[in-house]
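Chemist: Chain by chain, the residues:
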Amino acid sequence: MDYKNTVEKIFESGKDSLDDMEVFIEQEKEIEIDVFEGEIDKYNISESGGLSFRGVSNGKIGYSYTEKIDESSVNLIIKDAVENGKYIDSLDKEEIFSGSKEYEELNLYNEELSKTPLDKKMEFVKSLEKEALSLDNRVVSIDGCSYGEVESYRILQNTKGINLEEKKNTAYCYLSVVVKENEDIKTGSSYIVSNDFSKFDYKSLAKEAVEEGLSMLGAKSIKSGNYPIIFENHIFANILETFIPIFLAENVQKGLSLLKSKIDNEIAAPIFTLIDNPFMEDGVGSRAFDDEGMATKYKKIIDEGILKTYFHNWKTANKDGISSTGNGYRGSYKSPLSIAPTNLYVENGDSSFEDLIKSTDHGLLIIDVQGLHSGANPVSGDYSLSAYGYEIENGNIKRPVNQITIAGNFYDTLKDIEKIGNDLKFALPGMGGQIGSPSIKIKKLSVSGE
Amino acid sequence: MLNKNIIENVLYAALSTGGDFAEIFVEDKYITNMKMVGGLLENSISGRDYGVGIRIFNGFNSVYAYTNDSSEENLMKVAKEAALAINLEKKDIILNLMKSDIKNNNKVIVLPKSVEKSKKIEIMKRGHFGAKNYDESISQVTVSYLDEEQNVLIANSEGLLAEDQRVRTRLAIQSVATKRGEMQIGYSAPGASMGFEFYDNINAEEHGKEASRIAKTMINADLCPSGKMPVVIHNGFGGVLFHEACGHGLEATSVAKETSVFSNKLNKKVASPVVTAIDDGTIPNEWGTTNIDDEGIPTKKNLLIENGILKGYLVDKLNGRRMNYEPTGSSRRQSYKLPPTSRMNNTYIAEGKSTFEEIVSNTESGLFAKKLGGGSVNPATGDFNFAVMEGYLIENGKITKPVRGATLIGNGSEVLEKIDMVGNNLKLSQGMCGSVSGLVPVNVGQPTIRVKSLTVGGRKGDE
Chain C
1 MDYKNTVEKI FESGKDSLDD MEVFIEQEKE IEIDVFEGEI DKYNISESGG LSFRGVSNGK
61 IGYSYTEKID ESSVNLIIKD AVENGKYIDS LDKEEIFSGS KEYEELNLYN EELSKTPLDK
121 KMEFVKSLEK EALSLDNRVV SIDGCSYGEV ESYRILQNTK GINLEEKKNT AYCYLSVVVK
181 ENEDIKTGSS YIVSNDFSKF DYKSLAKEAV EEGLSMLGAK SIKSGNYPII FENHIFANIL
241 ETFIPIFLAE NVQKGLSLLK SKIDNEIAAP IFTLIDNPFM EDGVGSRAFD DEGMATKYKK
301 IIDEGILKTY FHNWKTANKD GISSTGNGYR GSYKSPLSIA PTNLYVENGD SSFEDLIKST
361 DHGLLIIDVQ GLHSGANPVS GDYSLSAYGY EIENGNIKRP VNQITIAGNF YDTLKDIEKI
421 GNDLKFALPG MGGQIGSPSI KIKKLSVSGE
Chain W
1 MLNKNIIENV LYAALSTGGD FAEIFVEDKY ITNMKMVGGL LENSISGRDY GVGIRIFNGF
61 NSVYAYTNDS SEENLMKVAK EAALAINLEK KDIILNLMKS DIKNNNKVIV LPKSVEKSKK
121 IEIMKRGHFG AKNYDESISQ VTVSYLDEEQ NVLIANSEGL LAEDQRVRTR LAIQSVATKR
181 GEMQIGYSAP GASMGFEFYD NINAEEHGKE ASRIAKTMIN ADLCPSGKMP VVIHNGFGGV
241 LFHEACGHGL EATSVAKETS VFSNKLNKKV ASPVVTAIDD GTIPNEWGTT NIDDEGIPTK
301 KNLLIENGIL KGYLVDKLNG RRMNYEPTGS SRRQSYKLPP TSRMNNTYIA EGKSTFEEIV
361 SNTESGLFAK KLGGGSVNPA TGDFNFAVME GYLIENGKIT KPVRGATLIG NGSEVLEKID
421 MVGNNLKLSQ GMCGSVSGLV PVNVGQPTIR VKSLTVGGRK GDE
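Chains as they are written, first to last, in the numbering used here: chain C, 1 to 450; chain W, 1 to 463.
Calculated from the structure, these hints are not laboratory results.
Just to be clear, a hint being listed does not mean it is correct.
What the hints assert, rightly or not - Below, simulated DSS-like cross-link-like pairs (lysine-lysine); rule was C-alpha separation at most 27 Å, straight line:
{"id": "1", "chain 1": "W", "residue 1": "K179", "chain 2": "W", "residue 2": "K29"}
{"id": "2", "chain 1": "C", "residue 1": "K86", "chain 2": "W", "residue 2": "K132"}
{"id": "3", "chain 1": "W", "residue 1": "K132", "chain 2": "C", "residue 2": "K260"}
{"id": "4", "chain 1": "W", "residue 1": "K80", "chain 2": "C", "residue 2": "K120"}
{"id": "5", "chain 1": "W", "residue 1": "K179", "chain 2": "C", "residue 2": "K415"}
{"id": "6", "chain 1": "C", "residue 1": "K42", "chain 2": "W", "residue 2": "K80"}
{"id": "7", "chain 1": "C", "residue 1": "K334", "chain 2": "W", "residue 2": "K29"}
{"id": "8", "chain 1": "W", "residue 1": "K117", "chain 2": "C", "residue 2": "K79"}
{"id": "9", "chain 1": "W", "residue 1": "K113", "chain 2": "C", "residue 2": "K15"}
{"id": "10", "chain 1": "C", "residue 1": "K334", "chain 2": "W", "residue 2": "K35"}
{"id": "11", "chain 1": "C", "residue 1": "K4", "chain 2": "W", "residue 2": "K77"}
{"id": "12", "chain 1": "C", "residue 1": "K68", "chain 2": "W", "residue 2": "K35"}
{"id": "13", "chain 1": "W", "residue 1": "K35", "chain 2": "C", "residue 2": "K319"}
{"id": "14", "chain 1": "W", "residue 1": "K460", "chain 2": "C", "residue 2": "K443"}
{"id": "15", "chain 1": "W", "residue 1": "K125", "chain 2": "C", "residue 2": "K319"}
{"id": "16", "chain 1": "C", "residue 1": "K68", "chain 2": "W", "residue 2": "K4"}
{"id": "17", "chain 1": "C", "residue 1": "K121", "chain 2": "W", "residue 2": "K80"}
{"id": "18", "chain 1": "C", "residue 1": "K299", "chain 2": "C", "residue 2": "K260"}
{"id": "19", "chain 1": "W", "residue 1": "K269", "chain 2": "C", "residue 2": "K220"}
{"id": "20", "chain 1": "C", "residue 1": "K444", "chain 2": "W", "residue 2": "K460"}
{"id": "21", "chain 1": "C", "residue 1": "K207", "chain 2": "C", "residue 2": "K42"}
{"id": "22", "chain 1": "W", "residue 1": "K179", "chain 2": "C", "residue 2": "K308"}
{"id": "23", "chain 1": "C", "residue 1": "K425", "chain 2": "C", "residue 2": "K168"}
{"id": "24", "chain 1": "C", "residue 1": "K93", "chain 2": "W", "residue 2": "K117"}
As the list claims (entries may be wrong) - Restraint ranges, calculated between C-beta atoms of paired labels, are given here:
{"id": "25", "chain 1": "W", "residue 1": "K91", "chain 2": "C", "residue 2": "Y298", "range": "52 to 62 Å"}
{"id": "26", "chain 1": "W", "residue 1": "E72", "chain 2": "C", "residue 2": "E39", "range": "23 to 33 Å"}
{"id": "27", "chain 1": "C", "residue 1": "K130", "chain 2": "W", "residue 2": "K398", "range": "38 to 48 Å"}
{"id": "28", "chain 1": "C", "residue 1": "F353", "chain 2": "W", "residue 2": "K80", "range": "43 to 53 Å"}
{"id": "29", "chain 1": "W", "residue 1": "E158", "chain 2": "C", "residue 2": "S127", "range": "30 to 40 Å"}
{"id": "30", "chain 1": "W", "residue 1": "N307", "chain 2": "C", "residue 2": "D136", "range": "33 to 43 Å"}
Predicted model only: the values in this text are computed from it and were never measured.
Cβ coordinates follow ideal geometry from the N, Cα and C atoms, glycine included.
Please build the complete structure, drawing on both the sequences and the hints.
Modeler: Next comes the structure, spelled out in structure tokens:
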């Protein structure tokens, strides 16, 4: 579609009723392949996109968007933006940004991935399912075996001189297996996210998921009490992701985070460093400019336990009298501007995963938690989560454990970190950035079981 | 929404490589979203979602493609591209599209689009003040407003041609209470398949007060004890227990591939005899009600469990083929961007005979979960979890002090057997359910029930 022409028309038609204007366009091309019992059970393809519009009138900003990008929508989006801006009475100033001096040059598009023939990708998913089923006769079914690819294109153009675009691609693969022994049913899963197809290894993915499922057979609950807890890397990343709202300036300013006035204070154990790195190679959250056109930055959020900064966009930074951290974020062209990390991760520590286990007399290794969207409260920091994993005794893994909950408060958990592993891994990307962590040992958490 | 000739041409193109069924889904949706923080309108956004999805079946397998460009030229291109995934002899299918008559379950009086923004903001302000003025411990109030008008057209190679309009309205109020450097939240979020007349039926201020009442109660609550105990789950959103613990396992998405604990259990006992459960997509103007599902089939009242015996599943067309089971009008999707699959509409446990007072007074000691938060389930194992938003201890058959931070965990088939009392006070509540075909509006519901024994995860004792 000829966006250039449409954007010009929008700016031309809007100039009478609006002072500054911005157009944000997102286009996506996706493929998804699911395999079931040796066949391509589901094959999805798409090409879609949307256009979001922001316009300033009388110092107030109004939003509108459309997925029908043609001339018929031009007048409607301008009219809607004017109407939406009219009633804004927030005292925080929001502005269309005039651009940063310099932007990092990033190569986020891997040509090799798009050139790899579809057949090869389909074969890969089929091999993955076959391999998983062949590893052990207790693997009774596969409840998820899929490969997907997303190619995205972001355009930001405004009447203050910004004209930016960025193209990237990424692929993922996910496997979930069901294992059964007598009446005992368990599941195990594995995944990979990367734009380098040569890293996709069906044998290791199948092995990981099957081993996880099998190792959970015979799991039982454990006596309620306080235990030292080791969170496996991607699980700590999931928990961290849930509590990202406490680090967003938006929430701090609105009294929805207890990190208010905690800059330069110790909020975590001194061995804990948290980094936001938008320039990571092959990073799902990598980007040279944020969703309002600010150049992105590498920064430490927590440096050896000390809170260094919140995540900011232009509006929240302006309110605090500092410059934006380049974390302006639009969930999609349908969402207003908010804030999100890029590639956020806990820096590797100096213990190996084995050291973490060996250092534990009697505790639990948690390999999965459920209910983060409901059992964790990003305002209070409280969490109580269904979990499973293994009991550790005298520095060795003893048996699988399930039907337990672990409960704590995230603010306390950050301070109770005892050891950090050196096995940084990124979790499956959710909304807003990509989050990673090494495995982490917490002094103790309350466990509810029998 | 799309010319009949174009629809026919696209369906023929989709079937050109031997597919045995093709379907086209056109969506045109207008949304308004507003957010108010601390009584001030923070942002307001509105826009139009527009796209077309094309689905092709080949036996048990399916191909799906979507696009925003509905020109005939592009749709033909997309249909042909999708069809490339199938490589068979073209079947002899002749199209004869017949427009379906649709029964309207959701009568709408005032289309949200026709209402001035200022009136919508007025409603939000009422919610805000109700919440803010409730108590001095309330430190922040966030009010979200949503309305949408979704127009859909569904046509398929079996001759179906159906159009429907879905109008939905919702107000969500979140209150935060602060005390001693701690924060707790309370939430109330009524919604319906109605237009702006919804606000003649509900009182925004009362919902604000309710959100604040919960936040205030919880900021003054003690930590919840942990362990196994009897749990009395109150009516309304308590129904999320059944939704998670059982409902998802009855969706054909997992039953068809026999990855659900409820696969092959039809007409077998799966629950205690006091449990009867229903999914009903036809209740007038309810949040989870639609006239037709996203495959164009009229919604139904589906009996799932009757007196503890499994009576039915929720089935879509594709999984129905694998299961050899008629579709139940339960196929849903968030938007044209996702192919539809079997989902819940308004799911609830039917009324029993006990009164609320009987249930509480017959419980020596345990937990009263008055309001639940969300939860999730692994359909393969049936293991579920959900959060208690507002909980109280039951001591000597009486509800005593409030407790916070509790999570309930268990196993779906086990918990169904352990429900030993069902009240006579059925109530439905609104939620958004996320699964393979995206987020869809659903009602959950139940009367007050008692679960003999459930693992309660609390934090008491971790100091």
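Chemist: Against the earlier hints, flag every one the structure doesn't satisfy and list their numbers going up.
Modeler: Hints 1, 27 are the ones this structure does not satisfy, whereas the remaining hints hold.
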